[in-house]
Structure formats: C-alpha cells, structure tokens
Amino acid sequence: MNTQVTIAGVTLQNPVMTASGTFGSGMEYSDFVDLNRLGAVVTKGVANVPWPGNPTPRVAETYGGMLNAIGLQNPGIDVFVERDVPFLKRYDTKIIVNVCGKTVEDYLEVVERLGDEPVDMLEINVSCPNVKEGAIAFGQKADCLYDITSQIKAKAKQPVIMKLSPNVTDIAEMARAAEAAGADALSMINTITGMKIDIYRRRFALANRTGGLSGPAIKPVAVRMVYQASHAVKIPVIGMGGIASGEDAVEFLMAGASAVAVGAMNFVNPRATIEVIEGIEEYMRRCHVENVTELIGAVEE
Amino acid sequence: MDRQIKKKVTATVVSQERIADQIYDLRIETELAREARAGQFVAVYPHSAATLLPRPISVCEADAEACRLRLVYRIAGRGTAEFSSYKANDTVEVLGVLGNGFPTERAAGRKVFLMGGGIGIPPMLQLAKELEAEKQILLGYRNQDLFLQDDLGQYGQVYIATEDGSVGVAGNVMDIIRANELSADVIMACGPMPMLRAIKQYAEAQGIEAYISLEERMACGVGACLGCVCATRDVDSHSHVHNARICTDGPVFEAREVNI
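As they're listed, the protein sequences go chains B and G.
Each residue of the first sequence is one higher than the last, beginning at 2 in our numbering.
Each residue of the second sequence is one higher than the last, beginning at 779 in our numbering.
Derived by calculation from the structure, the hints in this document are not laboratory data.
What the simulated footprint calls covered on chain G by chain B, stretch by stretch (three residues with Cβ under 8 Å from a Cβ of chain B suffice, anywhere in the stretch; the number is not a length):
no. : segment
1   : 783 to 796
2   : 818 to 829
3   : 992 to 1000
4   : 1005 to 1016
5   : 1020 to 1027
Values in this document were obtained by computation on a predicted structure and should not be read as measured data.
Just so it is clear, CB atoms sit at the ideal spot from N, CA and C, and this is done for glycine as well.
Please construct the entire structure, taking both the sequences and the accompanying hints into account.
Written out as structure tokens, the structure is:
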C-alpha cells in the first residue's frame, strides 16, 4: 500500500496535514501525536512582527462546529525561526509555514525571511476572516489575489500554496486567478464567516462579533468547493473543512483534493490526525486501493 | 520520541448527585486522579456530536489511592446539561490533567484566604486539602442554596456571604473580610471576574500575594489554539505579546501579572 502524495515536487509520506491555526507549531500536540507520522505540519500563521490578536471571547461552539476569531495572534517571524522551525526539524515530517500579513510588504518580508530556512512549502493566508486589514481582503477579489500571488511567487524560494476563502461568489474564478499568477498549489477552505448571539444576554458570543466557522458542520461546503476548484485548475488542491475521519478524508480526495488537512477536530480529539491517517489506510485495505493517488478526483462524473 | 504520548482517557462514572440548584457533583474513576493538583482542570467531552468542544472543569477533589476525581460543575449549556444526565457506570471521555494549579508552596505555614465565589468554590476543596497553612475559607453564594460548605469546614474556618443576605454576611467575599476584620499573608481564589478584580485590588492595596484562577471560553485546552488568552503585564512566553494562555500558562496567575 502506497500512501505517498506529491504536491509541487514535495513528497509527503501520506496526504494528511494539520490545518493552520489548529495545531500551533506542533509543540503542544507533540504530547499527543507522534509528529513523525504526519504528512506535514502546517503552522499557525506567522507575520513579520508579533500580533496580539483579538479580544476575548475568541471562540464559541455552534451546532456541529465552532466559531473562532483569534485574530492571528502570533510571535512574529523572529521568534518563529528561532524556536518553532528548529523544533519541527527534529521530526520526520514536512514543514509548511502559514504566512499572514496586513500589507503585501508584510507578506513579502516573511516569505523572504523563510527563504533560507529549512521549510518545505509556504501557505499564504489570504483568507482569514478575523483581521481587519490585509488577510481576506487579498483573497476576495480575483485581481487582488492575482497581484499578491505574483509578488510572492517572485520572492519565494519554496513552493507557494495559496489558501483560499470560501467567502467568495465563485471559488473557481479565485482558483484560476491564483494559478495564473503562478501559485504551485491551493488549499481550501478557510473558515466561513459566521455569527452567534447569546439571546439571554443579548450579546454577540464573540468579542469580534463575527468569526470563522469550522468543524464537521462545514464539510459539505468544503467538499463542493474543493470539487469546483480542482476541476478549474491543473495545480493540486489541498482540501480541508470538518475532516474528522479517514472516510471524510477520502471524500475530499475523491472530490479532487491531492492532500487533506485536519483542523477543528484536533480540538475534539487530539489524536484526530493519526486516526484520519489510519482511517485512510483502513479504507484502502477494505476497498483494495493500492495507491492513494488513485483516489484523487475518483468520483464518477 | 523523548516524551510520553498522552491521550484522552475513558473514565467511569462512580456517582452523580445534584447538590444545589443547577450544581452537580460528578465522581469519576480515572488514573488522572493520581496526578491532579489543586487548581488544575480536566477537559470533559460531551458524547453528542453536536457539541464538539471539551468543557474545562476544575478538580474539586482528587483521591489518588482510589483513582477518583470529583468534579462539581454548574449547568451552563448543552454540554454540561448532558453531563448532568450521566449515571453510575456510564463512561466519559476526559483529557487531562491540564493547567498549572495553585502554587501551594507559596502558602506553606502562612495565613491564607481561600476565596471561592459561586462555581469557583469547587477548586477550593482540593486546595484546602493540600494546603499546610492557617486556612480561612471565604465562600460567596447567591442565596441559601449552599454547597460544599461542610466539606470545606473540615479543613479550616469557613465564612459565608450570600448576595441576598439569607446566610452569613450580606454581600460577597470581600464583605466577609470587612465584617470580620480578617487578614491574611496570601490569597488563593477562584470565582467570577468582578470578584477576582476586587481581590486583585485588595491584594495590591494590602501588598500581599494573590493567586487567582481565571476562566475563559476554551477550544483545544492544550495551548495550541490561542482562544483562551488573558491580558498580561509582561510579554508572554509563547506569542511574545501580552496575552498568556489561560489553559496552559494558567489558569492560576499571580494577580499582579494579569490585567483583568
């Protein structure tokens, strides 16, 4: 049985990654998960300088999902390259660094700083719904997405994954814009903008009022968008959105994803990533699939 | 691997009892009891797939020998409502033990206030058991629907305040101090935010240490998601901003360290 997949020339031992923001830089979850078993660790977003994030409450549970408005709290690139990159290098897994910024220059500064670091890929966050400047603003208009993607591609030494927002009218158009600008891969979906109101206190559940919805509740939306985007472009798509089991992961692969990421379910089960890997293997055994790549886009049209 | 892999464990419910309005006393059998210390918490996972996130619940009592944890909680929503339906021999998924706990060594041999307000009272019981100090236990309730006051009475002098004045001092735990002219060298407390703010102010005015246990909406419970942060005086060690993680850097902080 072969579970390897290759994204933009980088071969992963299996198609299972962590979704940015749900796994820190792996340190906290290394108490629960043998990081050597993961296809890749995708880090929490890192900016050029430390960001304090949003006021609390930052998280709220919803039916079968959760809202978050963390606001990309992060220690900045200096601490990140000194502490988090060396930590991850101790493990036999691929390192994908999620990059965030308020301006194009912020992104470029982080991308350049990472150029000589031992990281395998960059994932560019142009889809966080919880920060006022930058982030999602670059990911909701095709021309803005094209522009930032080209500028990043001009500086990046590692393959570039553009992480797309589901909060758009036409995901296929966004996918094509990123591909045309030279993106090496796409990842989707980031969270869906949502809101929750505490009716007894007449207050928003989140201090930020709106937050990003994740968890099993969003999975059908994510599968649909992965399908649409992967059929609109030739570059690989990394699928995520409520993946809780190997079966969920296989569904994303069949929709057209070349790899998958586990996000909110890490909070529900710290071993979720491992169980997804084992679940994919179990599916392959049961359904006589020799090579996991056979599953990519395998849904019958 | 240089670290032991931790995981969620399945605990067995020993008993469950309603001990006051909306307040339940759940006893579970789990090896986690061996490592649990006062002020730490466990993350309890509802079975329902609609309620994804674990509920952080403080350790009320840990019996290491019998491998039993006592969790006293208030029904605050769907998850805790589900917990309240559990009966003996049911199973429950638990992650823990989490958080730093109270620095009991700071109270050793000293005169200490243990201050609990409402659902902040349960962690005071394990703390009272662990502390080797002169214990004055100050408890604040809404009304005469008291809980845990007899358990706590075994470990020190208990003073009670009720908001409606039906038992003890009318008012809150701060009114107990004034009414009885009490004093202490160190405070350890858990309760609602207005109470913790008053304690922080009082401790600063008195020039004494106060260790307060904070609460916030949590997601992961292990320090990864940065959901449950608290503004801090100093730059925090994780993100190098001024936002410490309540789940892992806390939940207990020295009052001067946090801006609440």
